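Peer 1: Using the sequences provided together with the hints, build the complete structure.
There are 2 protein chains.
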Amino acid sequence: MWQPANPLYLHPNPLFSFTALYLSHTMSTETPTRNRVNFATPRSFGATMKSHLKETFFPDDPFRQFRNEKSGLKKPLQYFIPIFEWLPNYSLRLFKFDLLSGITIASLAIPQGISYAKLANLPPIIGLYSSFVPPLIYAVFGNSKHLAVGTVAACSLLIANTIGEEVSHKDDPTLYLHLVFTATFFTGIFQTLLGLLRLGILVDFLSHPTITGFMGGTATLICLQQLKGIFGLKHFTTKTDVVSVLHAVFQNRDEWRWQSAVVGIIFLIFLQFTRFVRKKRPNLFWVSAIAPMVVVIVGCLFAYFAHADKHGIQIVGHLSRGLNPLSIKHLNFDSQYIPVTLKAGLITGLIALAEGVAIGRSFAIMKNEQVDGNKEMIAFGLMNIVGSFTSCYLTTGPFSKTAVNFNAGCRTAMSNVVMAICMMLTLLLLAPLFSYTPLVALSAIIMSAMLGLIDYQEIYHLFKVDKFDFLICMAGFLGVAFISMDHGLMMSIGLALVRTLLYAARPATCKLGKVQDSCVYRDTEQYPGSTSVNGVLALQLGSPVYFANSNYIRERILRWIQEEEDISNAKESVVEHVLLDLSGVTSTDTTGIETLIEISKMLQAKSIKLSIVNPRLCVMEKMIRSHFVDKIGKESIFLCIEDAIEASLFSEKRQV
Amino acid sequence: MWQPANPLYLHPNPLFSFTALYLSHTMSTETPTRNRVNFATPRSFGATMKSHLKETFFPDDPFRQFRNEKSGLKKPLQYFIPIFEWLPNYSLRLFKFDLLSGITIASLAIPQGISYAKLANLPPIIGLYSSFVPPLIYAVFGNSKHLAVGTVAACSLLIANTIGEEVSHKDDPTLYLHLVFTATFFTGIFQTLLGLLRLGILVDFLSHPTITGFMGGTATLICLQQLKGIFGLKHFTTKTDVVSVLHAVFQNRDEWRWQSAVVGIIFLIFLQFTRFVRKKRPNLFWVSAIAPMVVVIVGCLFAYFAHADKHGIQIVGHLSRGLNPLSIKHLNFDSQYIPVTLKAGLITGLIALAEGVAIGRSFAIMKNEQVDGNKEMIAFGLMNIVGSFTSCYLTTGPFSKTAVNFNAGCRTAMSNVVMAICMMLTLLLLAPLFSYTPLVALSAIIMSAMLGLIDYQEIYHLFKVDKFDFLICMAGFLGVAFISMDHGLMMSIGLALVRTLLYAARPATCKLGKVQDSCVYRDTEQYPGSTSVNGVLALQLGSPVYFANSNYIRERILRWIQEEEDISNAKESVVEHVLLDLSGVTSTDTTGIETLIEISKMLQAKSIKLSIVNPRLCVMEKMIRSHFVDKIGKESIFLCIEDAIEASLFSEKRQV
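Which chain is which? The protein sequence lines are A and B, in order. Read in the numbering used here, the first sequence has 196 at position 187, and its numbers run on one by one without any break. Read in the numbering used here, the second sequence has 577 at position 568, and its numbers run on one by one without any break.
Honestly, the hints are just simulated from the structure, not real lab data. Do not rely on the hints blindly, as some may be mistaken.
As the list claims (entries may be wrong) - Pairs of lysine to any residue residues, derived as SDA-like cross-links and limited to a Cα-Cα distance of at most 20 Å, are as follows:
| # | chain 1 | residue 1 | chain 2 | residue 2 |
| --- | --- | --- | --- | --- |
| 1 | A | 63 | B | 572 |
| 2 | B | 376 | B | 95 |
| 3 | A | 476 | B | 59 |
| 4 | B | 248 | B | 236 |
On a predicted model such as this, the values are computed, not experimentally measured, just so you know.
Peer 2: Pasting the structure below:
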């Protein structure tokens, strides 16, 4: 039986038609030779375990580079603290690029910092603080060259929502502020832990459609909220669904100020125009990059000289000079507030990671560089921990700022250092000047930024390519807009998980046939002309064969047989052999193996012979361990489908 | 390019070595002919949607049989109400078998009914009622021939636990009883709905290891609880974890009654002995089947004549004569109790389904018959709804009773009717006689039944074959034993879901090489002697390519390339072509396609050419819709790996 392979029978070469092959068998009654299946002893538990752990947590094999090194601590130090890698080779030539891009992103950081702090119901100065310390930390530990550190709108709103449930920022602004620092601290701890434990896998479950939907929904919401600033309203809702916000805007029509609205709309048109310019002429990116700063400066001058605050245009108000005060002693671990700070910390931490890591990665791919997600998480975590000690709130790598940084030609994380120094100078010298910033200018800046975040094209692309992804995206979008931010996010993630579970519950099977004018076996639905051999039903199973699909697979195989019999209708060509091609099955469990055993029993009762084709390594191991191989017999397991078909033709002949 | 296939080049026949093939190319500079890939227009959304829905909800194609029929209502009626199918052909010959098996299971139903009702803290008579009405309903709607209807221990205890959280059975037995009826009603509605909506898919997620662990843990717990009855304790804990139960047993040592213990141990030894007999001589199954009845009768006689209740042996107490009273007016939909009854109803309903459907299926497979899971659910649901109207609590198809029924040779569901008639006679005539049943006899019966449910061998089998399944099983076992029944169950299901998600997050990839002395390409780890072509790296991706694994796949492919370069070390044989074999990938989403685009960009930057081999139908559809095919070029997509390797060898040559 186990003779060395005879090349003539190995592959049914198209030169030999099946009839010829069939005839050749009728002439000789010997069993045809065939390729050997490897039935070697299964690997030990330790070996498989190690391999699984490595694939789960260290797929990028981060320590490869140290393995053949004798250089002691230098390499690992450079690995864990990337600044040691790039700083020694840093040059004036590189610095020129980083200086320019650093100044550009600083000009964006000032208005965005103030705006997003307002969004989080925090004093505007906190937004400026948050662009000083965290970028410095990131410059030391971060491994993306293009990422610009800063606060983000979605997380700012989410923090305001979550902490606002427990403490009102109006009634007790100090406690509210301290809880935000505590949430930021938890975010930092959580992100660092995820990175250290190499749990980047968690972030993998925030899919792209989820992020698109969540961002779109949040952007819509924030846009509508800014109508408060544009119309100069004094009273507003604390709720964050579209219906409540619109209701609040139109209910307080008596508070609408036409002065404020006019100024706001002018700013908004200016900002949108600069974005349009950037789109048409990408090398004029700096026009839109400095536009927010221009709006703030013009707004300040206008407010100062026109005494705007007396004409219904509200201004930011007092901003004191000075660097970040320490806030480590203000972290509040009161058990009453722990649930809410922990919740805010974890959710925003996860979203911030997903956004930051994804953005760092996308820009790295453009330059053909690599970003290590787990190291990025540690960098984000450290910058948030230190941030929470120094009066900063949640920071990550926002898309808009990073894109500006990239376009401005930054070369290393030094651009973050430059931005931090600019912010330091601002805080020390210029802060009071910004106290005249009109709120309506901030609203216009936020609105304009948010309009860019609603990615219609991407949503349409999802609709066109994959309806389920579209559904996931819309669940996030509509959930955030009409229910609440965290529910919308959960719904979207939930749907994505349901999709994954449904996949595992219903893996696609297909019937294989020989493609016309060739000798490969493929899905008969995909290659309509393909033909099958009488009496032999070849099925390819989808992966995995798991508990969740064992009933399905059993029923589906019976249906294939039934359909085959329905088609033929004649008595003679009913199924006599079923071949299960397991080439695609990369994993199975005990229930899966039991199902195969049950299927073989069921088929036996119908006098149908079952053959298994090409079980993969870990499936084969479980087949051996559970004695399935002994039950079905080694002679029923084949390396390739051609061997299996040949053998079944042969055995049929023999019966006759 | 797209010439009709030339058989000589189609498959690298082993007669031609690769060198020969290589040479043949150097002689001709024409592009080699190849198999055609099907780039037909993607199917419409409606078509794919219909196919997905069918696979998800109707994998067994239940309506196939009506399609070519003109017989009007008869077939569908037979399909939905199976009794119309078997009753017209019923004969006296079949009835003989069903009579015998029906009487046998009735003799088991009486002691088990009383015992499990005690376990659920219900009056013993409810247990007897529950074996009268539900079997009749099942006989009409059920489609398993061997299933015997009855109450089960695990669900009884779970009901007692859940309802007991809200209402104590001691303080307000009437309310407690009514809530149990209400929970049973919800169970029925839930099961019927699952069946009608064809959501059998939910039950699929209760894996075999979960059930094994849950049953084992529950059985351990119930065994220990029975020490109360064996030792004749009067005070006991209401908690159901091993520690509390053992604590309660040993704390109340002053209440231990040696008389009770002696009787209990004798009964237990007798019952275990009959189980042993059945194991050794399977045809003596009836010995163990009637043993519980013998224990009850002997116990009653002993208690009556020895005045056992005066010697510390408690008896069941008053059992009134008469059939099930109506309880439909007692269903309690008070909003205060809805959460707890709903919870009890859903959890027990799901477990009862998983047990009942699985057991019905296993026995059907032995006889080569089929059981339709969704129809079974409807039958279970109807019997529980009607049961809740007629003073019954949760019933399903218990393993022990069904096995006895099967061994006693039942032929149709008529055996359930016979059992119901026996129960009716018992309720009308004999019920008061059982009031002398000593509690210790019931404890012995329960303990003996539970000892059979701890499936050591299965747990050891799981340990040997699949460590993760073992973990899932032990989470259920230990969780139920040491925390609580519902938490144990959730932990076990949770781990099973994590396993499924982990699978989707880390699908196995492998490097392909040509297996020695053959021409098929297989995993080089599984087939160590297999060789690869210089400069060509062929990788097989695992299924699915989803958002959850897109980062992983990108990093893993980079690592394969890196490893390839580490091995060779020489400059000349670095990777120039990467072939991704997608034969096993049955599903993808937009993120997956984007990842493929990113990979092709990354490889392009390293001047490595990417080819795709054999994308399956629904992957190809998404590739076409998202313009990936246009980006990579149709000439980079191959039907089989041999074609792709040939083409890359050819293009290499051409470059030179």
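Peer 1: Could you grab the alpha-carbon distance between residue 476/A and residue 59/B and see if it respects the 20 Å cut-off?
Peer 2: holds, 13 Å
Peer 1: Measure nothing beyond the straight line between the CA atoms of residue 63/A and residue 572/B; if it is 20 Å or shorter, mark the hint as holding.
Peer 2: holds, 15 Å
Peer 1: Would you check the hint for residue 248/B and residue 236/B, treating anything up to 20 Å between C-alpha atoms as holding?
Peer 2: holds, 14 Å
Peer 1: Take a quick look at whether residue 376/B and residue 95/B sit within 20 Å of each other, Cα to Cα.
Peer 2: Answer holds: residue 376/B to residue 95/B is near 17 Å, not above 20 Å.
Every hint from the earlier list agrees with this structure, and none is contradicted.
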